[in-house]
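Listed below, chain by chain, are the residues.
There are 2 protein chains.
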Amino acid sequence: MAAKSRFVLQRLFNGLRTQSLWLQSSKLQSVLTVIFFPGPSSLSFRTHTCGELRSDHVGDKVTLCGWVQYLRQDLFVILRDFTGLTQILIPQEESASGLKSALCDLTVESVIQVTGTVRLRPSGQENKGMPTGEIEVLAENVEIFNICQKLPFEIKDFVKKSESLRMQYRYLDLRSSQMQQNLRLRSQVVMKMRDYLCNVQGFVDVETPTLFKRTPGGAKEFVVPSREPGMFYSLPQSPQQFKQLLMVAGVDRYFQIARCYRDEGSKPDRQPEFTQVDIEMSFVEQAGIMSLVEGLLQHSWPPEKGPIKVPFHTMKYEEAMRDYGVDKPDTRFNMKLIDLSEVFSASDVEFLRSALSKPGGTVQAICVPGGAVSTGRSIWWKHFKHRNHLLLSVMTVLRPLLGHLRLQSAQLLESSGVTLRDPSAFHFLWVVDFPLFLPKEDKPEELESAHHPFTAPLPEDSQLLYTEPHKVRGQHYDLVLNGSEIGGGSIRIHKAAEQHHVLKNILKEDTTLLSHLLEALDSGAPPHGGIALGLDRLISIMVGANSIRDVIAFPKSFRGHDLMSRAPDSLSEEELNAYHISVKWPTNDSLTKMNERLPQSDLWLGFNS
Amino acid sequence: MAAKSRFVLQRLFNGLRTQSLWLQSSKLQSVLTVIFFPGPSSLSFRTHTCGELRSDHVGDKVTLCGWVQYLRQDLFVILRDFTGLTQILIPQEESASGLKSALCDLTVESVIQVTGTVRLRPSGQENKGMPTGEIEVLAENVEIFNICQKLPFEIKDFVKKSESLRMQYRYLDLRSSQMQQNLRLRSQVVMKMRDYLCNVQGFVDVETPTLFKRTPGGAKEFVVPSREPGMFYSLPQSPQQFKQLLMVAGVDRYFQIARCYRDEGSKPDRQPEFTQVDIEMSFVEQAGIMSLVEGLLQHSWPPEKGPIKVPFHTMKYEEAMRDYGVDKPDTRFNMKLIDLSEVFSASDVEFLRSALSKPGGTVQAICVPGGAVSTGRSIWWKHFKHRNHLLLSVMTVLRPLLGHLRLQSAQLLESSGVTLRDPSAFHFLWVVDFPLFLPKEDKPEELESAHHPFTAPLPEDSQLLYTEPHKVRGQHYDLVLNGSEIGGGSIRIHKAAEQHHVLKNILKEDTTLLSHLLEALDSGAPPHGGIALGLDRLISIMVGANSIRDVIAFPKSFRGHDLMSRAPDSLSEEELNAYHISVKWPTNDSLTKMNERLPQSDLWLGFNS
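If you're matching them up, the sequences are chains A and B in order. Under my numbering, the first residue of the first sequence carries the number 1, and numbering increases by one thereafter. Under my numbering, the first residue of the second sequence carries the number 1, and numbering increases by one thereafter.
These are calculated hints, taken from the structure and not from any lab test. There are no misleading hints in this set.
Pairs count within a copy or across copies, as identical chains cannot be separated in the list.
As a list, the in silico DSS-like pairs of lysine-lysine whose alpha-carbon atoms are at most 30 angstroms apart:
(1) 440 - 220
(2) 192 - 305
(3) 220 - 584
(4) 161 - 495
(5) 495 - 61
(6) 504 - 316
(7) 495 - 100
None of these values were measured; they are calculated from a predicted model.
Just need the whole structure built from these sequences, with the hints factored in.
Spelled out as structure tokens, the structure:
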């Protein structure tokens, strides 16, 4: 059997491959490619992919494998694989009638292997819109691997599908060229990130456990019963503790593309499991981590998306809140918040005057170029110079509202045809100098961590930890891309006494849950810091996807369901017995309450909605 | 502040790095390294690592960061980081008394930064056993980052620690040079594997979900309660279904360094979570996958472990069982099983004659060179030519026992000083042509999959699926290294009808649990196959570790405990309520039974024990 001997040759010559060996003769090359050369057609039944053949290949005998995209006039089979399409010419002569009927009987999406000879398409029949449009392959032999029996929808990019149908038949949806591109681009970006961290910067890729212990305040952690009665693991939201322990362990530079878990059923565009680029290093300051991340993104950024400039712009938290009303400003357009308190200091408009007279009362505005947005407590004003409109707000605490209106205005303007944000632009921004603690929403007299309890204070604020903790700023930095937070990190507390003070005296946490970390800090912990980048979000912005689901191979629905396999699922009592648990079925009352909290249907919500 | 401006420069010049720029002058280079060059000291407080300085650096002003290994005679601090040790000379003159007392007061394992000048050690004081033994650094300045307060054991490789203590203080244990090397080698091997798969062979790194649905027969899967009453996810043992669905999706070549979960508390040297190099490709035969894996291991094998030769030797399952009594033969030494039925056909030894007269009765032996092992049903025999001993067994079904005795004999011989296996040798072996089904242990009249239900039969055996399924051999291949199974894979069934027949008629499984996979096979599935390599096991053999725990940063104990953080842990009723479960506390009776099944203590068992 020819295939068998080819494989034997492949295995024998596996060691002979060299980068420098490259043959000029295209025919000899195509024969030798099968044996010697790595690449997408090595070790495979095919000699070429469906997107590869050009007029250079005319006369070559080739073998292609793929899916039947469509048949045309009993003359052509259009064959598809992940690289593109090739037109297969069905021979019409009587002697090839068996081959002809085999090909003509194919259903779309059937899987075949075709051997034939590359030829130029007849003059005038070239397809300039198709990379292989100059040629076609005259079929000489076909092997039918699988006949496609059923198809809930067509695999053409222009067929609009409901998203739940796409998810139920995800293995078909992934055949679309868009999803193929998204998954491949994600793989390549991650590979380049690893190359940068490992090979350029000397980081060590360390895997950390996901079956772990409940963390203090880890209300959103999935639990996993063990075979010991009453004992549970938790699936952690991030490898935070492990990465810090690795620094105490002297690993010096750690990274991991880490699977993380967060159980928050009702938030849109969140997945119960997600991926972060997790980084930690020792003997470093904030600027060092920022520089590392800038280098990382520059190194891994897809060239076709245009270069990105470093260093990224840096903005203080206060400045972001003042100018944009949000801690993750979309800096692709202006329309900053403007303080007009001075202008209106003598206003006779009643609600403005009353607002200004209160403590913290200001008049804030954004400038909406040529637009018109109507809302409750705002007024419209002809702009002095530019004939624009102003949108007004009246209290400092309303800044976030105004920040939100700024984004809504931008959307409205764009939907009415005004070009405000360049869709191909990528605006990176560091936001720094966050407060270390914030008042708890339900108990404002108590403090909680703005990010997490391991963040170190700014050196100049560290004494305030013991006197006025609410004034302390942290060595925390967020990375924002086009108005979305794509990463966050900090320099960590590396002294046990300081960490203990924060946990016990400021946050009133039970420190026994973190005794191993406190002990570790007392056993020779270096100064260290790190960052975590949200990979799903980053890639989705990179490719311009509407949702992170478009860059995840098998995402879950809004309610956390896998619509293809129907997970989660019920278990037998016997299976639960092994874990010493039983289901506590809710009463009618609590069921009603629960349903009120749950989303009413398994709707697909868009990105950032 | 000098550090600040250095970081600003680093960030500004981040984009200017090029591989080709390399300066000859060591001094200029060391200054510019901080700004321009990537590597282990970029972006860091240090200018060099503790293992880096040589006589070339004499006169350079350097900054080192690390842990105090020990102090000597109030004259030297030996400073350690992940690269090695450097001797710091404590200045003795009166003007430096502050610096001297700061250094002399240090406890071991404290973390410091030292700035000073490199100088040659006085003649005769060089340490040839130490890579930096030609030089020392005369301290000019010290910053003490952290004083080590407590230490349950010393961080020196020669201090023997109990393994449970090592695990409880894993962050200290990881400071040993052996663990540092293991983690770094693992990271580098994985990086090269990715390079080969992604960049050389065109594979796509795709992440698949770990919150999934219970698989049929998945008795060893952890379960994860969801917020919907009675609904549970499972943590899968491998991405088997997803990788096959990705082939149906046209991804063509998939790989993932995948976290997998298996709940089998009582088996030694297993971890509840482990990592496999998971590979699947379309349009490929068995030989293609084998060739791919050979290329992968050759590409990623650490050069210091010596080259490995491909192709690996291949052995049929039958041959392995016949010659070695096991399906994962250790081929580093001979001592094969020998059939001596002929020799003893006229024996007057009663138990041999009686054995030979029974159906399937044979006399099997292994040749133990110069050794002596005593066991029950065996006799010793002077060898005809080589004055060796023979160990005999008498039934075909006892082959595995003899295979086990073969390994035990080898261990005994080696412990008595006979060199049998080269400890630096790596013997790879493919085992192929396994039976597709085996009789169930408890119900021998029923069949179960020898590996898993998705394995395709050998083409020449495929008709037997419908007539004599117990005779069918599968397209399955195991990869064995030094007698350990480090991988297994197969060509998969790609036709829905065949898969349905195997599941329903042969294995009597409930096919509705796999309806999505059967539907997928009917929607245009290509021929495909793959493999999974056990990464933890592979790396542990590579580095010669006794246990996979020595190549995992934070392993769990025999009973699945994290001894550092004390996971698993109990949960409050409130926390369980969110998942609609309650603990079913065992009765006294069932508790006794359970304790009998559980290991009596959290013992640490050795590798392969």
